Amino acid sequence: MPDITNSLFVFMLAGFIGFEVIRRVSPLLHTPLMSITNALDAIAVVGAIVLAGHGHSQLAHILGTIAIVAATANIVGGFIITDRMLKMFKLSRTQK
Amino acid sequence: MALNNTVIQILYLVASALFILSLRWMSSPATARRGLFAGEIGMVLAIGGTLLHSGILTYRWIAIGLVLGTIIGVPLGKVAMTAVPQRTALSHAFGALCVTLVGTAHYYLGLQEGGLPKFTMGVLCAEVILGSLTFTGSLMAAGKLQEVLPQRPITYKGQNFVNLGLLAVSIILAVLLVIDPSRSHLFPFIIGIPLAFGIFMIIPIGGADMPTVISLLNSYAGLSAAAMGFVLDSKLLIIAGALDGSSGFILSVIMSKAMNRSFTNVLFGAFGQVAPAATGKGEEKTVRSATAEEAAGILAAANKVVIVPGYGMAVAQAQHKVREMYDVLTKKGVDVTFAIHPVAGRMPGHMNVLLAEADVPYDKLKEMDDANSDFPQTDVALIIGANDVTNPAARTDQSSPIYGMPILDVDKARTVMVIKRGMSPGFAGIDNPLYYFDKTLMLFGDAKGFVGDIVRELSGGHGH
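As you go down the protein sequences, you meet chains A and B in turn.
Going by our numbering, the first sequence opens with residue 11, and the numbers climb by one from there.
Going by our numbering, the second sequence opens with residue 85, and the numbers climb by one from there.
Extracted from the complex, chain A is given alone in its bound form:
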């Protein structure tokens, strides 16, 4: 039985932290921000991993494996594309 209040407190605090942190992100980086939060959100893969490795249930294996595929694709793809984007942002070279 999950500890409800604990979870709610964590959610509330993380929500506020998210607000404060994201508010500061320059509009310049909104696209990479969305790509990286996408990759981080795919942390749902941990739930899928436990499910797919779960005992003997056929259902858990099938659904868990598909879920791992989807989440892993987001993790890998999200990090690669964020990296590509961030590499492109350069300052202008000093006075010509």
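Check before you lean on any hint, since a few could be wrong.
Selected chain B positions facing chain A (in silico; Cβ < 8 Å) [stated by the list, open to error]:
#1 G123
#2 T142
#3 H176
#4 F178
#5 K319
Since the hints were derived computationally from the structure, they do not count as laboratory data.
Given the structure is predicted, the values throughout are model-derived calculations rather than measurements.
Ideal placement from N, C-alpha and C gives every residue a C-beta, glycine not left out.
Put chain B on the given structure of chain A with help from the hints.
Positioned in the frame of chain A, the structure of chain B alone reads:
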């Protein structure tokens, strides 16, 4: 076993901290790559910790999933920068799919293992409903952005009624399930109905509204992951989901403000209902047009030029030609900057990424407020593929559907030049009075071709 669990929890704790730092460092381009690195380390720690989980009896399926996911993920990471909006929508769909499937499995396993507590059932319903509607909604958005589906908004009578009705029915079913989780015959419906809702939700949405919609779907995806965290009692998931949820939420607020839409409008996904304005066809209005040679002459004689890019630049793939023009003009001593409207393009920050890809230094990319204080001192405002975000009717004409929307005040510049294919109205179907101003020069043609011509004229030795 207890020790094992402690190790996992500590790894999760470190991963959570790294995720927060990762987003913290995303605040500026100088630290953003460090942020990415922190995120990657956090992810590796979290996945590594999970593999130690004592409940895992077989690694076969996990390995298959990880390998297949990587095979699919690599090409998704390598798409062209112009395709980033649809890629992002697709990845929201993937994230939602993962969450929905895990939630579904958890429900049926929970039933077999002797029922689910009410709170768990409640958040599980939230997880599955949000996940399902985000899944189809994001697929629809991706389809519209990829132009597999028609981009024009499709509206019909009673649309909002149907949509809200579907949502209400799924919430009622969810409540029934919470009251008695063993009503398993209801469970498929809280997947199926939100799946349909996701489709209907995106049908009335047009391309210009995509930045808001993508942000909103981002938020839904995050919230569904947080709900999954509640079900699994995983603080790591709750934190990551809350971060993603608030990120999407903030972005959708910024986007809706930039389009002057109310917030309830955003929450219910009821956008794209701008009725095509009845433009008086009888009015004879004259426009002044210019050739590439004339445009080049004006640009070369200017001290300060502000370029306003829009989705049309992305469609024409003109960003590299634009950068060449930027280079030539800068070499001639002209001060060139770019004014970026928050909703320019098809997702938040879309134009910045395209211009950065074309090697335009990011300190030349100005946000709307900064740009607007520059326009009165600007000699030439050059608009490439943007329309509604420059429409002065938003400031002056109360009857205009976009009245009140913050715009780039290009009309304050001494001369305005607009590269456009023809005189057709913008996406929202609204006539732009800017085009009929005396100071406005229309440059008719394809953005890429026309900018190319200007570059040729500029570097063709028409020396001053």
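A quick look at each hint next to the structure:
Taking 8 Å as the C-beta cut-off, the interface hint given for G123(B) holds, the closest approach to chain A being about 6 Å. For T142(B), the shortest C-beta to C-beta distance to chain A is roughly 6 Å, which falls under 8 Å, so the interface hint holds. Among the interface hints, the one on H176(B) holds; its C-beta lies about 7 Å from the nearest C-beta in chain A, closer than the 8 Å criterion. Hint status for F178(B): holds, given a least beta-carbon distance of 4 Å to chain A, under 8 Å.
Proximity of K319(B) to chain A holds as hinted, the smallest CB-CB distance being about 5 Å (cut-off 8 Å).
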